[in-house]
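**Student:** Chains as they are written, first to last, in our numbering: chain G, 1 to 617; chain S, 1 to 516.
Hints may contain errors.
Stated by the list, open to error - Each computed DSS-like pair below joins lysine-lysine, with the alpha-carbon atoms no more than 25 angstroms apart:
#, chain 1, residue 1, chain 2, residue 2
1, S, LYS183, G, LYS502
2, G, LYS406, G, LYS382
3, S, LYS289, S, LYS378
4, S, LYS289, G, LYS95
Hints are computed from structural coordinates only; laboratory data are not their basis. On a predicted model such as this, the values are computed, not experimentally measured, just so you know.
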Amino acid sequence: MKWHKPPRPTDESVLPTTAYPSPPKDTSRLEKSFGLEKSANRLPIASEATVNSHMWNLLWSHKGGFLWVAVLQLLTTSAALIPPRAFGGLLEDLKNRPDATQVKNTVYIVIAALLLQSIFVYFTKVRASILGEFVLSALRERFVSRVVELPPNVVERAGAGELLTRTTTDIDHITWAVRDAVPVITICLVSIFGISTAIALTAPLFLAAVFIGIPFVFAATRWYLRRSPQAYRVESSSYAIVNSVLVETAESGRTIDALRLGDQRTNRTDASISRWVEWERYTLRLRSRWFPVVEINYILPVSAALMMGAYFYNRDMASIATITAGILYAQMLAGPIEAMLWWIDELQTGKASLSRLLGIHEVEDREIRNGSPTGKDIAGEKVRYGYRSGKDVLKDISFMIEPGTKLAIVGPSGAGKSTLGRLLAGVQPPNQGRITVGGAEIGYMPVEQARTEVALVTQEHHVFVGTLRDNITLAKPDASDEEVWQALRAVDAEPWAKDLEKGLETLVGSGGVRLLPAQAQQLALSRLVLADPHTLILDEATSLLDQQAAKHLEASLGSVLAGRTVIAIAHRLQTAHDADLIAVVEDGVIAEWGSHEDLLSAGGAYAELWRSWRDES
Amino acid sequence: MPGVLGRGIQAIADESSSELQKAVVSALAIGVIQAAAGILRHRRAVGSWISAATRLQQLVARKAVDLGADLPRLVSTGEVSAINSNDVERVARVYDLIPRLSGALVSFFVVSILLINSSPTLGLLVIIGVPLLGLAIGPIIKPLQSRESAQREKLSKSSGLAADTVAGLRILRGIGGEETFLKRFQIASQNVRAAAVRTAKMRALLDGLQVILPGSLVVGVIWVGGNLVSRGDLRVGELLAFYGYSAFLMIPLQILTESAQRLTSGAVAARRVMKLLRVENLQSHGNSKFPDSFNKLTDLKSGLTISPNQFVGVVCDNSLTADELVDRLGGYLESEQVFVDDTPFSEINRDQLRSHIYAQEKEPAILSGTISTLFNVKNSGRITMAQAIEAASAADILDSLEGDGYNAEVVERGRTLSGGQRQRLALARTIFVDAPIAVLDDPTSAVDAHTEARIASRLKQIRGSQTTVIFTTSPLLLDHTDNVVMISEGRVAAVGNHFDLLKQNDEYKRLVVRGE
Numbered sequence: 001m002k003w004h005k006p007p008r009p010t011d012e013s014v015l016p017t018t019a020y021p022s023p024p025k026d027t028s029r030l031e032k033s034f035g036l037e038k039s040a041n042r043l044p045i046a047s048e049a050t051v052n053s054h055m056w057n058l059l060w061s062h063k064g065g066f067l068w069v070a071v072l073q074l075l076t077t078s079a080a081l082i083p084p085r086a087f088g089g090l091l092e093d094l095k096n097r098p099d100a101t102q103v104k105n106t107v108y109i110v111i112a113a114l115l116l117q118s119i120f121v122y123f124t125k126v127r128a129s130i131l132g133e134f135v136l137s138a139l140r141e142r143f144v145s146r147v148v149e150l151p152p153n154v155v156e157r158a159g160a161g162e163l164l165t166r167t168t169t170d171i172d173h174i175t176w177a178v179r180d181a182v183p184v185i186t187i188c189l190v191s192i193f194g195i196s197t198a199i200a201l202t203a204p205l206f207l208a209a210v211f212i213g214i215p216f217v218f219a220a221t222r223w224y225l226r227r228s229p230q231a232y233r234v235e236s237s238s239y240a241i242v243n244s245v246l247v248e249t250a251e252s253g254r255t256i257d258a259l260r261l262g263d264q265r266t267n268r269t270d271a272s273i274s275r276w277v278e279w280e281r282y283t284l285r286l287r288s289r290w291f292p293v294v295e296i297n298y299i300l301p302v303s304a305a306l307m308m309g310a311y312f313y314n315r316d317m318a319s320i321a322t323i324t325a326g327i328l329y330a331q332m333l334a335g336p337i338e339a340m341l342w343w344i345d346e347l348q349t350g351k352a353s354l355s356r357l358l359g360i361h362e363v364e365d366r367e368i369r370n371g372s373p374t375g376k377d378i379a380g381e382k383v384r385y386g387y388r389s390g391k392d393v394l395k396d397i398s399f400m401i402e403p404g405t406k407l408a409i410v411g412p413s414g415a416g417k418s419t420l421g422r423l424l425a426g427v428q429p430p431n432q433g434r435i436t437v438g439g440a441e442i443g444y445m446p447v448e449q450a451r452t453e454v455a456l457v458t459q460e461h462h463v464f465v466g467t468l469r470d471n472i473t474l475a476k477p478d479a480s481d482e483e484v485w486q487a488l489r490a491v492d493a494e495p496w497a498k499d500l501e502k503g504l505e506t507l508v509g510s511g512g513v514r515l516l517p518a519q520a521q522q523l524a525l526s527r528l529v530l531a532d533p534h535t536l537i538l539d540e541a542t543s544l545l546d547q548q549a550a551k552h553l554e555a556s557l558g559s560v561l562a563g564r565t566v567i568a569i570a571h572r573l574q575t576a577h578d579a580d581l582i583a584v585v586e587d588g589v590i591a592e593w594g595s596h597e598d599l600l601s602a603g604g605a606y607a608e609l610w611r612s613w614r615d616e617s
Numbered sequence: 001m002p003g004v005l006g007r008g009i010q011a012i013a014d015e016s017s018s019e020l021q022k023a024v025v026s027a028l029a030i031g032v033i034q035a036a037a038g039i040l041r042h043r044r045a046v047g048s049w050i051s052a053a054t055r056l057q058q059l060v061a062r063k064a065v066d067l068g069a070d071l072p073r074l075v076s077t078g079e080v081s082a083i084n085s086n087d088v089e090r091v092a093r094v095y096d097l098i099p100r101l102s103g104a105l106v107s108f109f110v111v112s113i114l115l116i117n118s119s120p121t122l123g124l125l126v127i128i129g130v131p132l133l134g135l136a137i138g139p140i141i142k143p144l145q146s147r148e149s150a151q152r153e154k155l156s157k158s159s160g161l162a163a164d165t166v167a168g169l170r171i172l173r174g175i176g177g178e179e180t181f182l183k184r185f186q187i188a189s190q191n192v193r194a195a196a197v198r199t200a201k202m203r204a205l206l207d208g209l210q211v212i213l214p215g216s217l218v219v220g221v222i223w224v225g226g227n228l229v230s231r232g233d234l235r236v237g238e239l240l241a242f243y244g245y246s247a248f249l250m251i252p253l254q255i256l257t258e259s260a261q262r263l264t265s266g267a268v269a270a271r272r273v274m275k276l277l278r279v280e281n282l283q284s285h286g287n288s289k290f291p292d293s294f295n296k297l298t299d300l301k302s303g304l305t306i307s308p309n310q311f312v313g314v315v316c317d318n319s320l321t322a323d324e325l326v327d328r329l330g331g332y333l334e335s336e337q338v339f340v341d342d343t344p345f346s347e348i349n350r351d352q353l354r355s356h357i358y359a360q361e362k363e364p365a366i367l368s369g370t371i372s373t374l375f376n377v378k379n380s381g382r383i384t385m386a387q388a389i390e391a392a393s394a395a396d397i398l399d400s401l402e403g404d405g406y407n408a409e410v411v412e413r414g415r416t417l418s419g420g421q422r423q424r425l426a427l428a429r430t431i432f433v434d435a436p437i438a439v440l441d442d443p444t445s446a447v448d449a450h451t452e453a454r455i456a457s458r459l460k461q462i463r464g465s466q467t468t469v470i471f472t473t474s475p476l477l478l479d480h481t482d483n484v485v486m487i488s489e490g491r492v493a494a495v496g497n498h499f500d501l502l503k504q505n506d507e508y509k510r511l512v513v514r515g516e
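Please model the complete structure; the sequences and the hints are all you need to start from.
**Tutor:** What follows is the structure in structure tokens.
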């Protein structure tokens, strides 16, 4: 009996700490209480029908493997059926006329059957796991390959957290389910079939007794399965929240200490724990109702078989051998039935995760419109954009940028500078108006094409797990060492890169050498040098560097980028001063546009700011 | 149960209907009892593992809070997380095991007594046979475990790669390299598959053994029992019962094998949990009070001295020095070398120290929650939330969030906010706390010049006569300071008024002035 739960997949990813609902006291209201969780999802979840058809396809495409497992298991079951039969025969004989040679023969038969059974068990299990692992690896690889081709705006909107949860937690859940559930269920189905056949052959009359419990088990299991998958899902998310609250406490130790938030954090941990415990108890309650019914199923068939056996025996319709075998078979059947029900349950949890994984395939692809750029000039025509309807971040912006221009975008925080940067890079098209590169709308180009035209580097930096070289050659995997070093030189990163023990082959990222945020930012810029697009958008791309270092980097990068269009979004006025053109964005519109000198003499907001800054120098 | 079945078969053979009735009724009764006992035991087991897990988690969480600022210097976050999820779970699972283990032991002894009573020979065969079989499985457990751990390692590597790829997906989609990373993941994923199949082969071997080993016991029972029956020393029904018992005893046997594994890994996990719980704070804290008014704060190492009621700027030639000095002035580093008047920080009560000095680090954490919960901190009550947000020029952030601003959820520890937005929210929180002494580490580094200029004047005004120390190189902020200290190579190099220093000190000018 496998009553303990399989180990919970651990989850180190970040979960939204949106409070999960408490488990309902009255189970009929359960379904309603899941509304909250749904609204937090920003990526689609596949429908039941999609999941079912996908599972079916998966089974069908591996039908050969399943056949193997089924045949092997049939052999295993057949071998397992011999000992009870032989034993029953022995009892029959012993009852009639005690004889030691009968015992010897039975022992030989049983030994042979056991040897066969154990050999078949070995091969069935091996085949089943080869099959399971194959299905699993196909599933996770298909998922990740879809993830890396998601439209950029979807990636941005979903946030790393949601995708991460799906990549880690959900894949883990499926691993648990598929690795064990699929083979076990296959095996159980075959055993049930095999044993039932054996009963039908030896004592057909017993079949009725064997299946007497099935309606109860079926009803109870249906009741259980209607509630359990969601409940387990919420239970494991609420467990993950306990950990993410603690991780937050640990990561923010300094802030919590400084603000004397210790008690608050402790309370929050306790609350998350008790929420998890509530769910744990709720699923326990579900099991407490379901298990006993299933358990009774062990005993009903046996009792029924006993009574029927007596009835038939009295009427000379069955021998002791048949009855013994029948009763032992009836007992044998209970195991696979229970195991199958248990793993169907486990599979349900997997199914919930599968629906989240498959949801990724339902993300709408980027809309592609025809048209290739015929030049390198960038233009905006009456661009409007808002993240939510009614709240436009950019209001009616038009501009024209000649190739090779160095443009600085300045303005107060929240004015829409970064949004403009994203639209210029073609992360997504504007709601109204057009942004074109060489006459073609960049927001409707295939991503792979758009990024050869315009590349965007933001403040956000990520050092990939891998070598330093891997981290730089994203756009050009076959770059030579010299090219990589050149890229590093262009971003002033050569000195520290040279100091690394294994140079370009040094492992960096999580688990490797830790790079400082400023170094990570240099890496991000060095990637650009190799990507070599004709237009670059730098959104606060040097903000983490020291004042002096940033100044120096911009100069050396400038020489590499000569002739390219550079659009720099920056809060340092130095960047604006060095640019050919300055756009002052305020409240979603371009308030001022012109060279540094033009704007100074115009005497607007930029001039005022510049003066307040110069006065001190 | 096997006993009842044996009696039943015997009753059928003897054509005794009253015996049969008894057998059927007892079979049903035993079934009900089994089900009830089973579920009770399960509830007990789950109950005890939950309470063990929750207690440990609470202890770990309290320890984390207690270590506070020292924690990152002592233990990595990943380790805390691993201890809280994996190790706590492993320890708790031992508690889950105990009811089952004790049940297994009890049932083993009860069955043994039953067996010996009805047939000493068969009884001894089963009682000695079962533990021997348990030992026979032993040698395979170790290689199985080592393959399992190799598999886990590969799995965590592959999911780590997937998570890493997703975390950097924006960059991959923006610049390229998806193919390279996908291929890498596929290789890792195939490695997992190979390792899993290797483990499965070992486990299949174990499964095979679990057929043949108990089977040999059954063979023994049939052999000995059959002969006993043929000699008339044993009844047919009793033999069936023995057959059943020998199969039944495999369950306690499996539980015992499992217990051995669980107890070992539980002990290892318990040691790791204990190691974390025994970690001690780096900074010591005494019981002295922080004086309500003081003459100066002194850091021996750098020679930095801060007078009360001033708006002071500190300019460092190196941002790492600034980070370290902020930590020292907050009492987070070598607190025996930092003094308020003549009392070292290490002698002051921790809560007293924190309530008097608030040192804001370079990238303060924005804890997840709503904007209102962000401001749910101990404060002087002098400044309202709205005033603080206004002073930090952070009102526009509230407008950009969904909902009505204050109740807007700051998701994922503020990661959906830009660096500048996070910085301004943290600054607003610092202003709201309104500590008598505020130390700020480059509080406007990610803020645009327009906003920085606004913040500078508002900050000075709202802090009033409270002591404020700002580590910065921004002229927009330094412009508003009463006094500036320049730190060069870790020591105080110059003190004076911002404008005077600009004129007189070349190094200062180089550090502060941007633009030509």
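**Student:** Which of the numbered hints are not met once you compare them with the structure shown?
**Tutor:** 4
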